[in-house]
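*Asks:* Based on the provided sequences and hints, a complete structural model is requested.
Letter by letter, the chains look like this.
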Amino acid sequence: MKAWLNFSPSIVSKTVISDLIKHYDVSFNILRADITPKGGKMLIDISGSEAEKGIQYLEKEGIQLNPIKKVVKKDEEKCMDCGECVSLCPVEAITIDEEWTVHLDDQKCIGCGFCTSSCPTKAIKIAD
Amino acid sequence: MKTIEEINQKIRDGDAVVVTASEMTRIVQENGAEEAAKEVDVVTTGTFGAMCSSGAFFNFGHSDPPIKMSHTYLNGVEAYSGLAAVDAYLGATQPHRNPDIGLDYGGAHLLEDLVRGKEIELVAEAYGTDCYPRTEVHTFISLESLNQAIMVNPRNCYQNYAAATNSTEETIYTYLGTLLPQMGNVGYSSAGELSPLLNDPYFQTIGVGTRIFLCGSQGYILGEGTQHATDGERENGVPVGSAGTLMLQGDLKKMDAKFLRGATMPKYGPTLYVGAGIPIPILNEEIAQRTGISDQDIHCNIYDYGVPRRSRPAVMETNYQELRSGKIEINGREVQTSPLSSLKKALEVAQELKSWIEKGNFFLTNPVQNIPNKGCTVKPLQIRRPSILVKDLKIKPVITARAEDDISGVARKMVDDNINHVPVVDHAGRLMGIVTSWDIAHAVAQDSKKLTEVMTKKVIVAMEDEPVELIARRIDKHEISGVPIVNRENRVRGMITAEDISRLICSQNNKEGDSQ
Chain D
30 MKAWLNFSPS
40 IVSKTVISDL
50 IKHYDVSFNI
60 LRADITPKGG
70 KMLIDISGSE
80 AEKGIQYLEK
90 EGIQLNPIKK
100 VVKKDEEKCM
110 DCGECVSLCP
120 VEAITIDEEW
130 TVHLDDQKCI
140 GCGFCTSSCP
150 TKAIKIAD
Chain H
89 MKTIEEINQK
99 IRDGDAVVVT
109 ASEMTRIVQE
119 NGAEEAAKEV
129 DVVTTGTFGA
139 MCSSGAFFNF
149 GHSDPPIKMS
159 HTYLNGVEAY
169 SGLAAVDAYL
179 GATQPHRNPD
189 IGLDYGGAHL
199 LEDLVRGKEI
209 ELVAEAYGTD
219 CYPRTEVHTF
229 ISLESLNQAI
239 MVNPRNCYQN
249 YAAATNSTEE
259 TIYTYLGTLL
269 PQMGNVGYSS
279 AGELSPLLND
289 PYFQTIGVGT
299 RIFLCGSQGY
309 ILGEGTQHAT
319 DGERENGVPV
329 GSAGTLMLQG
339 DLKKMDAKFL
349 RGATMPKYGP
359 TLYVGAGIPI
369 PILNEEIAQR
379 TGISDQDIHC
389 NIYDYGVPRR
399 SRPAVMETNY
409 QELRSGKIEI
419 NGREVQTSPL
429 SSLKKALEVA
439 QELKSWIEKG
449 NFFLTNPVQN
459 IPNKGCTVKP
469 LQIRRPSILV
479 KDLKIKPVIT
489 ARAEDDISGV
499 ARKMVDDNIN
509 HVPVVDHAGR
519 LMGIVTSWDI
529 AHAVAQDSKK
539 LTEVMTKKVI
549 VAMEDEPVEL
559 IARRIDKHEI
569 SGVPIVNREN
579 RVRGMITAED
589 ISRLICSQNN
599 KEGDSQ
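Chains as they are written, first to last, in my numbering: chain D, 30 to 157; chain H, 89 to 604.
Think of the hints as simulated: they come from the structure by calculation, not from any bench. Be aware that one or more of the hints could be misleading.
In silico lysine to aspartate or glutamate, DMTMM-like type, Cα no more than 25 Å apart, as pairs [said to hold, decoys possible]:
no., chain 1, residue 1, chain 2, residue 2
1, D, Lys107, H, Glu440
2, H, Lys484, H, Glu567
3, H, Lys346, D, Glu127
4, D, Lys103, H, Asp344
5, H, Lys415, D, Glu88
6, D, Lys137, D, Glu90
7, H, Lys415, D, Asp134
8, H, Lys462, H, Glu374
9, D, Lys107, H, Glu436
10, D, Lys107, H, Asp339
11, D, Lys151, H, Glu166
12, H, Lys415, D, Glu121
13, H, Lys342, H, Glu209
14, H, Lys355, D, Asp104
15, H, Lys98, H, Glu123
16, D, Lys154, D, Asp104
17, D, Lys107, D, Asp126
18, H, Lys90, H, Asp103
Being a predicted model, the structure only gives us computed values, none of them experimental.
*Replies:* Okay, structure coming up:
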C-alpha cells in the first residue's frame, strides 16, 4: 500500500520509522520525503505480514496516514503514445505493448516525476 | 508490369489489393518479391513524428478600413507577415511572445487549436499607408473564418534519422527528448519499416505532385524538402542517417486533430507531431522488393548528443528491430529506448490511408517530376568569424591548492593573487575539487579547518578545445562564476571566469567597431 505520512512538528524528533521496522515484520520503501523541524510528509510503500499492525502503530504514535490509490495518472486524450517517457522510468513502470500503446503501472511507480516533466503533451500527472 | 492508371482502375472497381508497409514486409518475406509484385497493388506507409519544420499560411481577409499587417500574433504566437497585407506564415516552433508562457504554447499548439475549431485571438500592428490606413487590429478568428489556411511544411518525413544518447554527467534536453546522464537511455525517431521514404529509397514512385495522407486529409508533395540529401552511406539500399526529405502541402481546414498535435520537447521548444502517409504503387518487382524492407534491415547510428557540436561522435550502429525491442546494449550495459514518434499512430495513418484506397476515396498519382535521388548534399554554414576556443584565450598562470592545505593558507593565496577560484589538485595536478572565496567565507563562519570539507567535489569544467560560447552557456546554466580548464588527463591548465568571457566580448566588439 502506498500512503502519505504526515508528520506534525512534535513527532519529527521521534524515531517512529526505525521503531516500526524493529518491531513489526514490514517491508518499507520511502518514495518521497520532505521533513523539516516544522513537520512535513513522506510517501511510503508498505507491505509485509504485519503491514496492518504497523500502520496502526504509526497512527497510535500520532502520524496521520493518507492512503493513495493512484500515484501516476495518464490523460488518455492527451497521450499520443510517442513513448518519450518509457526510457526515463527508473523502475520500468512504463511499458509499450505489442500495439505500441504506452501503459503506466501504478503499482511499480515510485512517483519520481521524470515522465511528467518530459512528456511532450503534459499527459502524465503525479498525485500529490 | 503495372501502371498507375491500371491500379487506379482497380481502385475504381474495388479490386485493388492494398496492404500496409508492415504487412508488405511479411508478404515479401514469405512469398518473395516477384509474387508480392503480382499480388499487391499498393503499399501504404505512415509516420507520426515531431516535425519541427512545419507551419501554415493564412489569409485573414480585409478589415474596413483595411490594414497592411506588419506584426501579427495569433494567441500570442508571432506569425511572419512580411507577405502582402493580410497573409501570414506561422511556424510550428515559434514560442509564445510572453516569456512566462514561452515554450509551453507555441506555433504547433496554435495549429492544433485551430484544427480543433477553437476561437483564436488575432492581434496585428501596422505602420499605415494611404491605401491601408488602419494601424492595429484586435479581434478573434477561427479556422472557418479564414479564407485560406494552407499547411506548407518545408521539411517533413526524414528518410531516416540519428538515434541519441548522452555521455555527460548531467541530464540534457534535446529535440530527441530527455537524455539521461552516462548514456542512461536512447531516443530515436524514425517509424522504421513503416516510414514513407524508407519504402521508396530512390524516389522511384514518390515525386512532385504525389497525392498523400496529411494529418487526416488529402495533401500533396511539393517536392524535395530542405536539407534533402541523397549521397550518404546506405545499407540494404536505405540510408543509415537523415538523407531525403519532403516538402508537403495540405488544407488545414480538412485536417483532423487526431493526426496533428502540438507538443513541447522539454527545455527545447514547441514542435508539431505530423501524421503523414504516402501510398506506393507496386509497379514492378524491384519496387515490391524495396517496400519489403524490415526494421532489421534499416540501420542507424546512435550519436552522443552530450557533445553540442555539429559533428557529434557516433557511439555505435544499431537497427530498428533492436531499438524497437525497448532495450539496447551500449558498452556492455543494457539501457532503455524511447521511440519519440508514435508507432501506434504511424500504423493508424497507414491503415487509414489503406481504407481510403480500398473504399475508392483516394487515387494514386504519377509524379509531375521526379525528386532527385543523387547529387544532393547538405552544406554546413560557414561562420566568417570562427569560434574562439578555450585554448586561444590568454589565461593567467593557474593558482591551485592541495587537499591537505589549510583554509587560511588558501585564503591568503586568494587575497595575494586577487582571485576568487582555486582548483584543488592531487600530486599529479589532476583536478579533485574547487574552492571559491564564498566557500572560504563559509568555512570561517562554520569554523571548518579542512579544505576537503568546503570544496566542491563535482566540478563543472572546460576542455581546452571547446569553443568559448559553450563555456559561457555552461557557466550561465549552472549559475556559477568560473570553471577550471582541464586537459584529457584531467590535469588543470587554467581557470576561465565569467569576467574573462565578458572581457573577450568587449575586446571583440571594439575590434569590429574599428574595422567598420
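*Asks:* Would the pair lysine 107/D and aspartate 339/H pass a check requiring their Cα atoms to be no farther apart than 25 Å?
*Replies:* The hint holds at about 23 Å.
*Asks:* Are lysine 415/H and glutamate 88/D close enough, with their CA atoms no more than 25 Å apart?
*Replies:* Judged against 25 Å, a Cα distance of about 43 Å means the pair is violated.
*Asks:* Straight-line Cα separation of lysine 462/H and glutamate 374/H no greater than 25 Å?
*Replies:* holds (18 Å)
*Asks:* Verify the proposed pairing of lysine 484/H with glutamate 567/H, using a straight-line Cα cut of 25 Å.
*Replies:* holds (23 Å)
*Asks:* Tell me if the straight-line CA distance from lysine 355/H to aspartate 104/D falls inside 25 Å.
*Replies:* holds (22 Å)
*Asks:* Are lysine 90/H and aspartate 103/H close enough, with their CA atoms no more than 25 Å apart?
*Replies:* holds (14 Å)
*Asks:* Quick one, are lysine 415/H and aspartate 134/D close enough, alpha carbons at most 25 Å?
*Replies:* holds (18 Å)
*Asks:* Does the alpha-carbon distance linking lysine 98/H and glutamate 123/H stay inside the 25 Å limit?
*Replies:* holds (18 Å)
*Asks:* With the threshold set at 25 Å, check whether the alpha-carbon distance from lysine 137/D to glutamate 90/D stays at or below it.
*Replies:* Not satisfied, since the Cα-Cα distance of roughly 28 Å exceeds 25 Å.
*Asks:* Just to be careful, I want the Cα atoms of lysine 151/D and glutamate 166/H compared with a cutoff of 25 Å; is the pair within it?
*Replies:* Holds, because 23 Å separates the two Cα atoms, which is no more than 25 Å.
*Asks:* Going straight from one Cα to the other, do lysine 107/D and aspartate 126/D come out at no more than 25 Å?
*Replies:* Roughly 18 Å separates the two Cα atoms, so the pair holds.
*Asks:* Take a quick look at whether lysine 342/H and glutamate 209/H sit within 25 Å of each other, Cα to Cα.
*Replies:* At roughly 21 Å apart (the allowed maximum being 25 Å), glutamate 209/H and lysine 342/H satisfy the hint.
Violated hints, listed in ascending order, are 5, 6; each of the other numbered hints is respected by the structure.
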